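Novice: Dock chain B against chain A, hints included.
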Amino acid sequence: NAGVTQTPKFQVLKTGQSMTLQCAQDMNHEYMSWYRQDPGMGLRLIHYSVGAGITDQGEVPNGYNVSRSTTEDFPLRLLSAAPSQTSVYFCASRFRQGGQPQHFGDGTRLSIL
Amino acid sequence: QQQVKQSPQSLIVQKGGISIINCAYENTAFDYFPWYQQFPGKGPALLIAIRPDVSEKKEGRFTISFNKSAKQFSLHIMDSQPGDSATYFCAAVRPGSWGKLQFGAGTQVVVTP
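Line order of the protein sequences matches chains A and B. For the first sequence, the working numbering begins at 1 and goes up steadily by one. For the second sequence, the working numbering begins at 114 and goes up steadily by one.
Some hints could be false.
Just so you have them, the derived chain B footprint on chain A, three or more residues with Cβ under 8 Å [what the hints assert, rightly or not]:
{"no.": "1", "stretch": "13 to 21"}
{"no.": "2", "stretch": "42 to 55"}
{"no.": "3", "stretch": "105 to 113"}
Below, a sample of chain B positions facing chain A; criterion: calculated Cβ distance under 7 Å [unchecked claim]:
{"no.": "4", "residue": "G156"}
{"no.": "5", "residue": "K171"}
{"no.": "6", "residue": "G209"}
{"no.": "7", "residue": "G217"}
Bear in mind the hints are in silico, worked out from the structure with no lab data behind them. Computed from a predicted structure; not experimentally measured. By construction, the Cβ of each residue, glycine as well, lies at the ideal position given by its N, Cα and C atoms.
Bound-form chain A, shown alone (with noise of 0.2 Å):
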């Protein structure tokens, strides 16, 4: 198992351009959900989706759109990137039943310039 995979590691953007970060995973899990990680902030949500064609912004969904078209696969789309975006993004899966763990990809470093 690949477990959660996220491409690409890294990528720097013009501000203004757009692009869309991949995530996928094998486990058969319902839920997925999109965090950005900031020094001395944690890990905020994003996006989340609870299956297929299911998806609800989280506490910083400003600026980014996501789509669920299978179970296995949930990009994150940046529509205009802003500096205020450069981040390390984290996408996470896991079984939608109550207490399951989150299993996290290895994350996206993004730089817009």
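Specialist: Positioned in the frame of chain A, the structure of chain B alone reads:
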């Protein structure tokens, strides 16, 4: 405003010593308190977790102490080893929130040989 406050920001401990990380929360609705361990370049991984109906949980050298009345919980790493050098995050989860994690800011622990 961070719902889970974590301290200290960083910690240096000698091999064999005890590392102690503290977290405090305000929302009494939280009912699940996990700790995550993160190594450089990797995603967080669940280390140990506790529910508020117990005051202490131990797994190997890692112990969570929970004080429900004070709304505080802490992680103790006994006999700290250089391999324990990592960033540790406490988190809290509300029931009915699809397991959404509210993270503390993180503590960087360095264990010196």
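Novice: The structure should be examined with respect to each hint, and the outcome stated for every one.
Specialist: Comparing the hints with the structure gives:
For the stretch 13 to 21 of chain A, the stated coverage by chain B is violated: 0 residues have a C-beta nearer than 8 Å to a C-beta of that chain, whereas at least 3 were required. With 6 residues having a Cβ less than 8 Å from any Cβ of chain B, the stretch 42 to 55 of chain A passes the three-residue criterion, so the hint holds. For a cut-off of 8 Å, the count of residues in the stretch 105 to 113 of chain A with a CB near a CB of chain B stands at 3, and the three-residue condition holds. The criterion of a C-beta within 7 Å of any C-beta in chain A is met by G156(B), whose closest approach is roughly 3 Å, and the hint holds.
This hint is violated: K171(B) has a C-beta 18 Å from the nearest C-beta of chain A, more than the 7 Å allowed. Residue-level restraint check for G209(B) is violated (minimum Cβ-Cβ distance to chain A is 9 Å; threshold 7 Å). For G217(B), the shortest C-beta to C-beta distance to chain A is roughly 5 Å, which falls under 7 Å, so the interface hint holds.
Consistency with the previously given hints fails for numbers 1, 5, 6, ordered from lowest to highest.
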